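Dock chains B and C against the given chain A, drawing on the hints supplied.
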Amino acid sequence: MSSFTGNHILSVSQFDREAIELVFSVAQSMEPYAKRQKRTTVLDGAILGNLFFEPSTRTRVSFGTAFNLLGGEVRETTGMANSALAKGESLYDTARVLSGYSDIIAMRHPAAGSVAEFAEGSRVPVLNGGDGANEHPTQALLDLFTIKRELQFNNKTIDGLHIAMIGDLRYGRTVHSLSKLLCLFKNVRFTLISPKELAMPDYILAAIENAGHSLKVTDQLEGNMDADICYQTRIQEERFPSQDEANKYRGKFRLNQSIYTRHFQSKTVIMHPLPRDSRTEANELDNDLNLNPNLAIFRQTDNGVLVRMALFALTLGVENLVSQYEKPVIWYSNKS
Amino acid sequence: MSSFTGNHILSVSQFDREAIELVFSVAQSMEPYAKRQKRTTVLDGAILGNLFFEPSTRTRVSFGTAFNLLGGEVRETTGMANSALAKGESLYDTARVLSGYSDIIAMRHPAAGSVAEFAEGSRVPVLNGGDGANEHPTQALLDLFTIKRELQFNNKTIDGLHIAMIGDLRYGRTVHSLSKLLCLFKNVRFTLISPKELAMPDYILAAIENAGHSLKVTDQLEGNMDADICYQTRIQEERFPSQDEANKYRGKFRLNQSIYTRHFQSKTVIMHPLPRDSRTEANELDNDLNLNPNLAIFRQTDNGVLVRMALFALTLGVENLVSQYEKPVIWYSNKS
Amino acid sequence: MSSFTGNHILSVSQFDREAIELVFSVAQSMEPYAKRQKRTTVLDGAILGNLFFEPSTRTRVSFGTAFNLLGGEVRETTGMANSALAKGESLYDTARVLSGYSDIIAMRHPAAGSVAEFAEGSRVPVLNGGDGANEHPTQALLDLFTIKRELQFNNKTIDGLHIAMIGDLRYGRTVHSLSKLLCLFKNVRFTLISPKELAMPDYILAAIENAGHSLKVTDQLEGNMDADICYQTRIQEERFPSQDEANKYRGKFRLNQSIYTRHFQSKTVIMHPLPRDSRTEANELDNDLNLNPNLAIFRQTDNGVLVRMALFALTLGVENLVSQYEKPVIWYSNKS
Chain A
31 MSSFTGNHIL SVSQFDREAI ELVFSVAQSM EPYAKRQKRT TVLDGAILGN
81 LFFEPSTRTR VSFGTAFNLL GGEVRETTGM ANSALAKGES LYDTARVLSG
131 YSDIIAMRHP AAGSVAEFAE GSRVPVLNGG DGANEHPTQA LLDLFTIKRE
181 LQFNNKTIDG LHIAMIGDLR YGRTVHSLSK LLCLFKNVRF TLISPKELAM
231 PDYILAAIEN AGHSLKVTDQ LEGNMDADIC YQTRIQEERF PSQDEANKYR
281 GKFRLNQSIY TRHFQSKTVI MHPLPRDSRT EANELDNDLN LNPNLAIFRQ
331 TDNGVLVRMA LFALTLGVEN LVSQYEKPVI WYSNKS
Chain B
31 MSSFTGNHIL SVSQFDREAI ELVFSVAQSM EPYAKRQKRT TVLDGAILGN
81 LFFEPSTRTR VSFGTAFNLL GGEVRETTGM ANSALAKGES LYDTARVLSG
131 YSDIIAMRHP AAGSVAEFAE GSRVPVLNGG DGANEHPTQA LLDLFTIKRE
181 LQFNNKTIDG LHIAMIGDLR YGRTVHSLSK LLCLFKNVRF TLISPKELAM
231 PDYILAAIEN AGHSLKVTDQ LEGNMDADIC YQTRIQEERF PSQDEANKYR
281 GKFRLNQSIY TRHFQSKTVI MHPLPRDSRT EANELDNDLN LNPNLAIFRQ
331 TDNGVLVRMA LFALTLGVEN LVSQYEKPVI WYSNKS
Chain C
31 MSSFTGNHIL SVSQFDREAI ELVFSVAQSM EPYAKRQKRT TVLDGAILGN
81 LFFEPSTRTR VSFGTAFNLL GGEVRETTGM ANSALAKGES LYDTARVLSG
131 YSDIIAMRHP AAGSVAEFAE GSRVPVLNGG DGANEHPTQA LLDLFTIKRE
181 LQFNNKTIDG LHIAMIGDLR YGRTVHSLSK LLCLFKNVRF TLISPKELAM
231 PDYILAAIEN AGHSLKVTDQ LEGNMDADIC YQTRIQEERF PSQDEANKYR
281 GKFRLNQSIY TRHFQSKTVI MHPLPRDSRT EANELDNDLN LNPNLAIFRQ
331 TDNGVLVRMA LFALTLGVEN LVSQYEKPVI WYSNKS
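The listed protein sequences derive, respectively, from chains A, B and C. Under this note's numbering, the first residue of the first sequence carries the number 31, and numbering increases by one thereafter. Under this note's numbering, the first residue of the second sequence carries the number 31, and numbering increases by one thereafter. Under this note's numbering, the first residue of the third sequence carries the number 31, and numbering increases by one thereafter.
One or more hints might be untrue.
Note that identical chains are pooled: a pair holds if it fits in a single copy or bridges any two copies.
Stated by the list, open to error - With a Cα cut of at most 27 Å, we get these calculated DSS-like pairs of lysine-lysine:
{"hint": "1", "residue 1": "K246", "residue 2": "K357"}
{"hint": "2", "residue 1": "K278", "residue 2": "K365"}
{"hint": "3", "residue 1": "K117", "residue 2": "K282"}
{"hint": "4", "residue 1": "K68", "residue 2": "K357"}
{"hint": "5", "residue 1": "K68", "residue 2": "K178"}
{"hint": "6", "residue 1": "K297", "residue 2": "K282"}
{"hint": "7", "residue 1": "K246", "residue 2": "K65"}
{"hint": "8", "residue 1": "K117", "residue 2": "K278"}
{"hint": "9", "residue 1": "K297", "residue 2": "K365"}
{"hint": "10", "residue 1": "K68", "residue 2": "K186"}
{"hint": "11", "residue 1": "K282", "residue 2": "K68"}
{"hint": "12", "residue 1": "K297", "residue 2": "K68"}
{"hint": "13", "residue 1": "K117", "residue 2": "K226"}
Calculated directly from the structure, the hints in this document are not laboratory data. Predicted model only: the values in this text are computed from it and were never measured.
In isolation and in its complexed conformation, chain A is listed as follows:
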């Protein structure tokens, strides 16, 4: 039992450094199960309500898989067209009813604040899987967990990290949440690279500075950066006031292998919240980086499963029972 037991996970702001370190420690202990060196039935018989009122295939499947990996069952729903919410039911009523059908809920919904409102009516713990422009705390945690693990390979820690964030820093929910979490650590250097129209919001900049971190803001990728992490986000051209404005920046915030070599040290880890647009006109993160061992984007999604397993285990208070319910994996796997 920890302070997580029985509680909702709604926002990154509810985490302090100790809580994060507990999540990461449990997440790390989940790796042998996710990599199929062994399995656990600790949540055999438990039911996850995987309620994606806003569809998102990968986040939904990631939550569901995390629960299955702990031995539990998943009931789910996708979209809102046929739900009672579309007929005027309140989130409170929906929560009261659906929380009768599961032991824990993961929920995504397009409206900011909706998951917290739902959680008030829920009789079981609720994990926020994204509520519109507001929060997506499991993404922020998996990003930070990835940073921690990638840095470990180089004997570094989050304290003292230099992170470059590139692209749309204004509307990119993930970079906001990640920045907030990084404010719990020490001596972080932020280099924020974006078109002026898509700059990081002032309240995040203030939080970074209040945390005593160092901050550099620029509108172009230049010089030789010594960043440990390059966190790339997509620029959607419709964010600009006009196409002319968008054209001015086209291709300036993309990353490919030659741009990487020119601007980053050879160990800089490349991250991205995914999906990346791989169409040639996308100018985002080129496929030629697939051969670069520092491209961590698929390790991020793998880490997402570990983080979600950890949150389920902690919230349901079984984090110390997982290994007691261990069993061998008897089928073929090359994941380990």
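Below, chains B and C alone, put in the same frame as chain A:
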């Protein structure tokens, strides 16, 4: 093994009083599992085909959860757009094929009679989860089970019950089915309150009178009623010949705390088939009743899980094995 | 462990006769589990990613059920509208991400070649559940397995088989794949009956002749055929250059009991890839054949579960462990 084993559940008309009492007794025995005091793996390895050709999130999830709570697996489908039915396949063929994929089927379909037609082709038991305007027997059973349990708190029984039904009694499938089931009991008093345009159909009134029950029909909520149960249903204004006609009744069949206090005794239980429309213009069942301990609407949906567990167990002939396959619940729960 | 272990199943062309016989032997051994004489938990804890980017209720549920029957869990997705693929993500990226969420993947997608492309990015084995006009190997295998089993009742083998294929042989993916598989066997007689506009493609005809099989091509059902198998496929009238052209053939490639009696011997087995259009204007496979014991169309779909169970077991290398994890079935079933 009971008379349920291997049989379909298609209509409330297939139940006699003894069958209902058996369902309720098994449903009652399911509560410790649903409340997570313990769990059972009696249906470990069994597969439910949860076929919702007409989408309905809560009914679908309720059936799925009930099956999971007994230890079984769920395969499901939602909607009809991509099903073979849309390509001219007969319900007989669909049933022959899909019944090869599961041990039992719960099915919803928009066409009246479709589930019975499907059942003829099915090689496994079929539970009707709603076939259009026709039947929704598990809803009727959970309503009656709720009445029984709510009355028990006051040392009363269904025999001798006074029930007020309010709202759209013409098109409300749930009040029809519930009325039919109540005809199996003794000395029930019905007070039916609806606009004349939305009055209870004559064949139901005849059934009530044939059962020797007492009946009062009115078009307004008036005086001090001594009802044990107030069953509220939604009035959809498009049911009226004109908006002028609808306006005449607006707000007259809603319930809020002050109307409740004025017309009902302090122990009258409030029921509703849900979802309720909580928008202010809805005039249905106000949110201020959420604090009223007699508001049983969420106990109804919880009871739905128990009733569906009972029907699965009875239909698959395992109702007496459930406790033999009991296991402890090792994760956090505050449901018990 | 066999040559299947850890490998993708993408095309019928990857099978030789020995591989097919292994699949069929394992499929046969799955029947007691599918018929509920017993159950197995060999894949308890394993996760199938059932990714139907093109919806197909029965194929999706068949794969899911096959995995459940082996004891495994299923995570799934239907349609593409909300997937990252719709936002420009490459199949490579999708595969890299989603293969982190399961132990094996069954996938359907509307684009020819898409499943093979996906498989290149996948870190787990991928089973092709249909990639547009290209391949649907499990359907071909279940068809051939059905032929083998139906012939066995008459002490016959696939070697020496006489098969009549009727209907749309040009666009019917199933008859192409089945023909290719039959080229691995000896002395097969093909009678191909279709409108000239919908004749079997030349490359299939060449393959049949190269295999040394005998071949008769005709545009009408005539005389007294001694076919062992009659494989019927639907003619979609929109395939013709004009409705006038379509009308010339209307009803000439349908089968009903009297046409069957006139043209086929009493033991000829009737097959169809399903769904069949049962509307009266369909002219396909009449419902009066439902009483004909040689109508094997529902045995085909049952066999599909066995073949998919076999492919899962082989691909995950547990085919020899299945019976070690046997358990009794304790619930009602009349499938055995």
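Find the hints from earlier in the document that the structure breaks and name them by number, from lowest to highest.
-> 1, 2, 7, 10, 11, 12
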